[in-house]
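With the hints as a guide, bring both chains together as one complex.
These protein sequences, in sequence, are chains P and W.
At position 110 of the first sequence the residue is numbered 110 (full-length UniProt numbering), and the sequence of numbers has no breaks.
At position 59 of the second sequence the residue is numbered 59 (full-length UniProt numbering), and the sequence of numbers has no breaks.
Just so you know, the hints here were simulated from the structure itself, not pulled from any lab data.
Just so you know, these numbers come straight off a predicted model, no measurement behind them.
Treat the hints loosely; a few may be bogus.
Taking lysine to aspartate or glutamate pairs in the EDC-like style, the calculated list, with each CA pair at most 20 Å apart, reads [what the hints assert, rightly or not]: (1) Lys10/W / Glu26/P; (2) Lys18/W / Glu26/P; (3) Lys61/W / Glu136/W; (4) Lys68/P / Glu189/W; (5) Lys74/W / Glu48/W; (6) Lys78/W / Glu15/W; (7) Lys55/W / Asp34/W; (8) Lys61/W / Glu20/W; (9) Lys18/W / Asp32/P; (10) Lys10/W / Glu154/P.
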Amino acid sequence: MSADVTGDGAGAEGGGGADVDQGTYECNICLDTARDAVVSLCGHLFCWPCLHQWLETRPNRQLCPVCKAGISRDKVIPLYGRGGSQMDPRTKTPPRPQGQRPEPENNHGGWTFGDGGFQMSFGIGAFPFGFFASAFNFNDGRPGPAPPGTPQAEEERVLSTLFLWIALIFMFWLLMA
Amino acid sequence: MANIAVARIKREFREVVKSEEAAKCNIRVELIDDNFTELRGEIAGPPETPYEGGKFLLEIKIPETYPFNPPKVKFMTKIWHPNISSVTGAICLDILKDQWAAAMTLRTVLLSLQALLSAAEPDDPQDAVVAKQYKENRHLWEKTARHWAQEYAEAPKSKKDDEFYDKVSQLAEMGFDRHKALTALSAHEWNMERATQDLIS
Ligand SMILES: [Zn+2]
Ligand SMILES: [Zn+2]
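The following block holds chain W by itself, in its conformation from the complex (with noise of 0.2 Å):
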């Protein structure tokens, strides 16, 4: 990899293992291999949020042209939100895109992914059925968002769902697998005979 991307991966790691937010631990990052292309990025979710609580681990991997071309970053724990495919983890954020400037670092990415967790934006989507449900039901995409952060990122589960549980539970008994099952019903509202149909064609 080109000297001046290690060159500043170096710093931008320490930048962010001294930053007041890994102290606050709202943002942690650790490497994965030794040169530098890979990063295990961490957020917390933010407070407020149906992700308070939740840790969401992220997949960073530093192109060889870093830093005039921006980190590829994904979501590794699944996620219910309008701007992440609950599918693959990608990202919708212009600042990964075209919006990038080689100012930034590894920190103010963390930060905008966790700002874009408290503020979606619903009208450049990245998971349609996700940004339709926010717009159309807030209340059961919230509710929904909430039991994936304690399904996926180890939420507390004091604000537990026991329906969502149970609806869960009742798929997986069938010999559904347990993730297809919690996709096929936060897709169709929670209603259970839509979600049977859904896994089953």
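Isolated chain P (complex conformation) (with noise of 0.2 Å):
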């Protein structure tokens, strides 16, 4: 049974077999050799793949799964090599989400405002409060708001009613755009 097996192994892999032995460029996930190389801080080798899965199995228990040392995908370096690895990139491995892959942490694109996409969202999303805000105190210039039942109060109720509606058609906008 075990002659079969180590047959089928070492036939399927062609010269990988070999390799078993020195297993110096193998992935300690899937011990094959690592596609889309990655090195942690405690210098241990993975498939980029094979490390993202293991990191999404335990989200709250990242840990290299050699030495159990502290992980995370930001404290990962991607290894380029010359040869093969830079040819066969994505399309052999699995789909991975974009912003998953580690990134280098000084990254200044000179199209993005603020420091990442967070801040950009942010600003987008406030601006027609504070414009709608402002144009309101320009129209009406009184600090507080009119005693409650007189016509100022429900022209005041109206506005702001009008306004929300404004905003939210304009974010919906935004959105689409």
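Here it is in structure tokens:
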């Protein structure tokens, strides 16, 4: 039984059998030669798809599968070889979410304002409120709200409802654009 | 089964077959089906333990999500050990649960189980009865564990305890199932009266 399987495995992988004893560039998870290789700060080598799946399996306990040192997607270093590894990157690997590829920390592109996507969307989202609030103050210079029941109070209520709707429509338009 | 699981099990299987430990007959692994979803493991009872000379068979089931989740392992050979159920063979070992890491292999699992046979952890028991005996009467636990290894794991009977054999045989002659009789005696400090009561109730 054991002889059969050993034969099959070696046959299927061609010359790969010899690597098992050396294993220097084998992924510590799939035990195959690492594809889209990344190395952890503790020095352990993985395919990125393999390590990614490990981190997804244990989102609350992100430890190196080999030495159990702390590990995270931001703290692995991609390895770029010169040969085959650049040839077959995304066609062979399973599709993976774009944002989850480890990015270098100092990524100051010219086209963004703010440091990242979060701040940018925040700025746009806050804009209509700032705009309508100032427009409201300009039209109606009083500091405090009008007493309830007066025509002014009624007018303010209608206006604020109207502005809320305009703001919502504006945000919807921004999202669609 | 997922490709990565199959490919890994193939490699691990070869790793075990070629390993030093396998050469010394310490660990062994066999395939049960062609899908690589189930294997049969075997570990030798470590020297200077009550399990010495015994062979312990393990049921190993490879989950779809292997190696991101641990294999499901239990003892098929009946064993008297604080961290292994004497009834079901279920194992309490951290690396088979939350301490599993994707870089561990069949070889490391088998070696860890062998280490568990050498060093029980009675404070994290799977079998409360065995763990209690281990803590309160280590000598009796040792004799009982050795007896189980002789009875079920083909351990050599050089240190055979005739008293234990006689008691089990007596109960068997009374019509009780031999294994049930042994379990009852083991759980009741080899007290015939209490074991019999347990068997009747
Ligand atoms: Zn891999
Ligand atoms: Zn590590």
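We went through each hint and held it up to the structure:
1. Lys10/W / Glu26/P: 15 Å, holds
2. Lys18/W / Glu26/P: 18 Å, holds
3. Lys61/W / Glu136/W: 35 Å, violated
4. Lys68/P / Glu189/W: 42 Å, violated
5. Lys74/W / Glu48/W: 23 Å, violated
6. Lys78/W / Glu15/W: Violated: Lys78/W and Glu15/W sit about 27 Å apart, past 20 Å.
7. Lys55/W / Asp34/W: Answer violated: Lys55/W to Asp34/W is near 25 Å, above 20 Å.
8. Lys61/W / Glu20/W: 24 Å, violated
9. Lys18/W / Asp32/P: Answer holds: Lys18/W to Asp32/P is near 17 Å, not above 20 Å.
10. Lys10/W / Glu154/P: 77 Å, violated
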